[in-house]
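Student: Take these sequences, add in the hints, and give me the full structure.
If you're matching positions, the sequence shown starts at 212 in the numbering used here and goes up one per residue.
Just so you know, the hints here were simulated from the structure itself, not pulled from any lab data.
None of these values were measured; they are calculated from a predicted model.
Using N, Cα and C, we set each Cβ at its ideal position, and we do this for glycine too.
A few of these clues could be false.
[Claimed, not checked] Distance windows between CB atoms, simulated:
| no. | residue 1 | residue 2 | range |
| --- | --- | --- | --- |
| 1 | Leu-595 | Thr-697 | 26 to 32 Å |
| 2 | Leu-736 | Thr-567 | 40 to 46 Å |
| 3 | Ser-503 | Pro-297 | 52 to 58 Å |
| 4 | Ala-269 | Gly-292 | 23 to 29 Å |
| 5 | Gln-228 | Lys-355 | 49 to 55 Å |
| 6 | Lys-487 | Ala-269 | 25 to 31 Å |
[To be verified] Once the Cα atoms are required to be at most 27 Å apart in a straight line, the calculated BS3-like pairs of lysine-lysine come out as:
| no. | residue 1 | residue 2 |
| --- | --- | --- |
| 7 | Lys-513 | Lys-630 |
| 8 | Lys-285 | Lys-270 |
| 9 | Lys-232 | Lys-271 |
| 10 | Lys-513 | Lys-438 |
| 11 | Lys-560 | Lys-630 |
| 12 | Lys-245 | Lys-232 |
| 13 | Lys-232 | Lys-304 |
| 14 | Lys-630 | Lys-606 |
| 15 | Lys-583 | Lys-449 |
| 16 | Lys-534 | Lys-560 |
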Amino acid sequence: MWNQFFLLEEYTGPDTQYVGKLHTDQDKGDGNLKYILTGDGAGSLFIIDENTGDIHAAKKLDREEKSLYVLRAKAIDRKSGRQVEPESEFIIKIHDINDNEPKFTKDLYTASIPEMSGVGIIKTALPDMSRENREEYQVVIQAKDMGGQMGGLSGTTTVNITLTDVNDNPPRFPQSTYQFSSPESAPPGTPLGRIKANDPDLGENAEIEYSISNGDGSDVFDIITDKDTQEGIITVKKQLDFEKKILYTLRVEATNTHLDPRFLQLGPFKDTALVKISVEDIDEPPVFSRSSYLIEVDEDAKEGSIIGQVVARDPDITKNTIKYTVDRHTDLDRIFNIYSGNGSLFISKPLDREETPWHNITVIATEINNPKQSSQIPVFIQILDINDHAPEFAKYYETFVCENAKAGQLIQTVSAVDKDEPPRGHKFFFELVPEFAVHPNFSIMDNKDNTAGIITRRNGYSRSKTSTYHLPIIIFDNDYPVQSSTGTLTIQVCACDSQGNMQSCNTEALLLPAGLSTGALIAILLCIIILLVLVVLFAALKRQRKKEPLIISKDDVRDNIVTYNDEGGGEEDTQAFDIGTLRNPEAREESKMRRDVLPETIFQIRRTAPLWENIDVQDFIHRRLKENDSDPAAPPYDSLATYAYEGNDSIANSLSSLESLATDGNQDYDYLSDWGPRFKKLADMYGGEESDRD
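Tutor: Next up, the structure:
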């Protein structure tokens with residue numbers, strides 16, 4: 212039991228005063244252990260032999276100044292540096308000696324007592340009675356009459372006395388040093404730990420307020436008081452950075468909020484402790500040198516030109532390599548690109564300020580070794596204007612000049628616009644093209660305010676001679692390089708009244724009768740066109756009127772007519788029978804010679820009665836067959852498709868398979884096979900019995 216040592220005050224011996232000895236059963240006496248003393252006065256008032264554990268007082272002590280000292284001892288293995296036992300706390304008390312004479316606090320004492328006060332008065336027998344030592348007392352009071360003389364009577368009562376609390380104890384930290392740690396990514400307001408100073412008082416007398424008195428982290432950390440637990444909560448005040456500082460030291464002060472003036476002489480009612488906070492390193496994303504970038508580039512910059520650079524760094528100690536990319540969601544047209552190694556931005560496509568004066572893109576910086584660690588930054592690219600557009604007329608001008616105009620008359624004021632935006636503003640100049648520098652009819656006057664006036668140069672204009680004039684005008688700007696364009700102003704000659712108000716500009720009006728307006732002539736012309744269209748449509752419909760078909764019966768033999776015009780080698784071509792005659796019998800020429808035979812003697816064809824009106828086609832065919840059968844100049848043809856004329860050199864007679872009325876039995880066509888390949892088709896069709904049956 213060595214947790215208390217005692218020491219005399221005001222010791223004046225020749226040697227240092229021996230206090231006591233620290234010893235652990237782990238000490239084998241081989242010098243491997245080292246004793247360390249910390250706490251109140253360690254190293255200054257009290258020294259320890261680190262080998263033996265003997266403690267001595269290095270200075271003279273005064274009990275009235277400080278009556279006890281709290282120290283802590285620990286034994287450490289010299290080789291491994293670890294503690295062989297937990298740290299122990301002990302107290303050194305200073306024994307009092309009679310070294311102060313008694314003194315009265317005042318030269319004169321006065322007392323007063325109110326009237327009607329009780330006879331008996333209870334007072335403390337001991338000064339400075341402490342509630343913290345004992346809160347309740349029980350006192351028995353005896354009252355004797357007869358002045359306490361023998362034979363008097365007495366009575367007793369019990370009085371319970373409770374000492375109420377006063378703020379006579381300052382707060383005290385149980386330890387002098389606290390240690391906490393925090394990751395560098397902790398956002399402001401993050402709590403890191405709690406500390407508490409002990410105060411034996413009660414209620415508001417024990418209320419404590421915590422604050423940071425000084426230290427190198429007073430602007431980085433903060434401390435707040437938990438009113439329920441009377442603890443101090445240390446929080447992060449600013450963003451931490453491991454690469455800038457890894458350890459902070461704070462001195463925290465705990466103070467009573469409700470002080471009692473009667474006890475201020477007991478000393479300051481506050482205590483301090485040291486708080487050490489270490490910062491833990493984490494892998495952080497790249498950090499750009501700026502919060503945003505603004506880049507200006509001329510709109511005529513060539514493709515591949517570098518327009519600027521973004522720079523990012525890895526804030527960690529490892530300093531990982533960073534690659535740069537452009538977020539394509541912010542550059543869909545891929546106008547810009549970036550070198551992944553150094554962050555240099557360059558142009559991939561031509562720029563046009565008039566189309567897009569600003570480009571807002573995002574650049575991403577990513578750690579190559581850890582792609583999850585990336586950050587991005589906006590880059591604002593302003594396209595600077597160059598003079599690459601020529602000025603042109605501000606609008607389309609409908610200009611006219613009166614026939615009765617006088618020379619020097621202003622007929623039109625023109626202005627110009629330019630897509631470029633020079634810093635000094637637009638300045639335009641107007642003049643006629645060199646070929647029309649001296650125009651016989653009009654001149655141009657530059658008003659020096661970006662407008663120009665068109666002036667007549669002669670008296671009177673005639674629509675009948677020239678109805679429209681074309682006046683080419685050159686427009687220049689004043690920027691570098693100078694741009695110009697030529698615009699043509701169309702000037703119509705119009706009839707005007709005496710006040711110069713336009714009445715008509717059409718040349719057709721000169722050819723019209725005086726009493727007939729243009730609108731009336733247009734109406735008449737439309738009526739004529741409509742009548743012509745109706746006549747043409749009526750004629751077309753009449754020609755396309757559908758006739759009644761002649762063929763009604765399904766047994767009509769004309770459906771099976773086959774015509775062969777090529778009769779074989781050596782034959783002369785013949786003309787087939789004109790079947791159109793059947794459809795229109797009236798068209799038959801009575802005196803026309805037969806086309807299907809060349810008779811030796813021309814016989815006059817016998818005329819028949821004109822029975823063509825409403826005649827049946829079948830009756831017509833029978834009549835014609837009868838006529839041809841009785842004709843001595845022709846073989847008995849009975850087919851509408853005939854081969855009457857065979858040619859002079861043909862060795863065959865008629866090849867028709869149809870029989871006439873004068874033919875008996877079937878004809879044999881086997882000889883066609885002997886006539887060669889040119890008659891093979893006919894031989895296949897008519898040769899053999901099978902062909903006859905078909």
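Student: Going straight from one Cα to the other, do Lys-245 and Lys-232 come out at no more than 27 Å?
Tutor: holds (13 Å)
Student: Within a Cα-Cα threshold of 27 Å, do Lys-560 and Lys-630 meet the stated pairing?
Tutor: holds (21 Å)
Student: Could one say that the CB atoms of Leu-595 and Thr-697 fall in the range 26 to 32 Å?
Tutor: The hinted range 26 to 32 Å holds for Leu-595 and Thr-697, with Cβ atoms some 28 Å apart.
Student: Holds or violated: are the alpha carbons of Lys-583 and Lys-449 at most 27 Å from each other?
Tutor: holds (25 Å)
Student: Can the restraint linking Lys-232 and Lys-304 be considered satisfied, given a maximum Cα separation of 27 Å?
Tutor: At roughly 15 Å apart (the allowed maximum being 27 Å), Lys-304 and Lys-232 satisfy the hint.
Student: Given the range 52 to 58 Å, decide if the beta-carbon distance of Ser-503 to Pro-297 lies inside it.
Tutor: holds (57 Å)
Student: When you check the alpha-carbon spacing of Lys-534 and Lys-560, does it fall within 27 Å?
Tutor: holds (23 Å)
Student: Given the proposed pairing of Lys-630 with Lys-606, does the C-alpha separation stay at or below 27 Å?
Tutor: holds (14 Å)
Student: Straight-line Cα separation of Lys-513 and Lys-438 no greater than 27 Å?
Tutor: With a Cα-Cα distance of about 69 Å, the restraint between Lys-513 and Lys-438 is violated, given a limit of 27 Å.
Student: For the hint 49 to 55 Å, verify it against the beta carbon of Gln-228 and that of Lys-355.
Tutor: holds (54 Å)
Student: Determine whether the Cβ-Cβ distance between Ala-269 and Gly-292 falls within the hinted range of 23 to 29 Å.
Tutor: Taking Cβ atoms as reference, Ala-269 and Gly-292 lie about 27 Å apart, which means the hint holds.
Student: Going straight from one Cα to the other, do Lys-513 and Lys-630 come out at no more than 27 Å?
Tutor: With Cα atoms ~21 Å apart, Lys-513 and Lys-630 stay inside 27 Å; holds.
The earlier numbered hints that this structure contradicts are 2 and 10.
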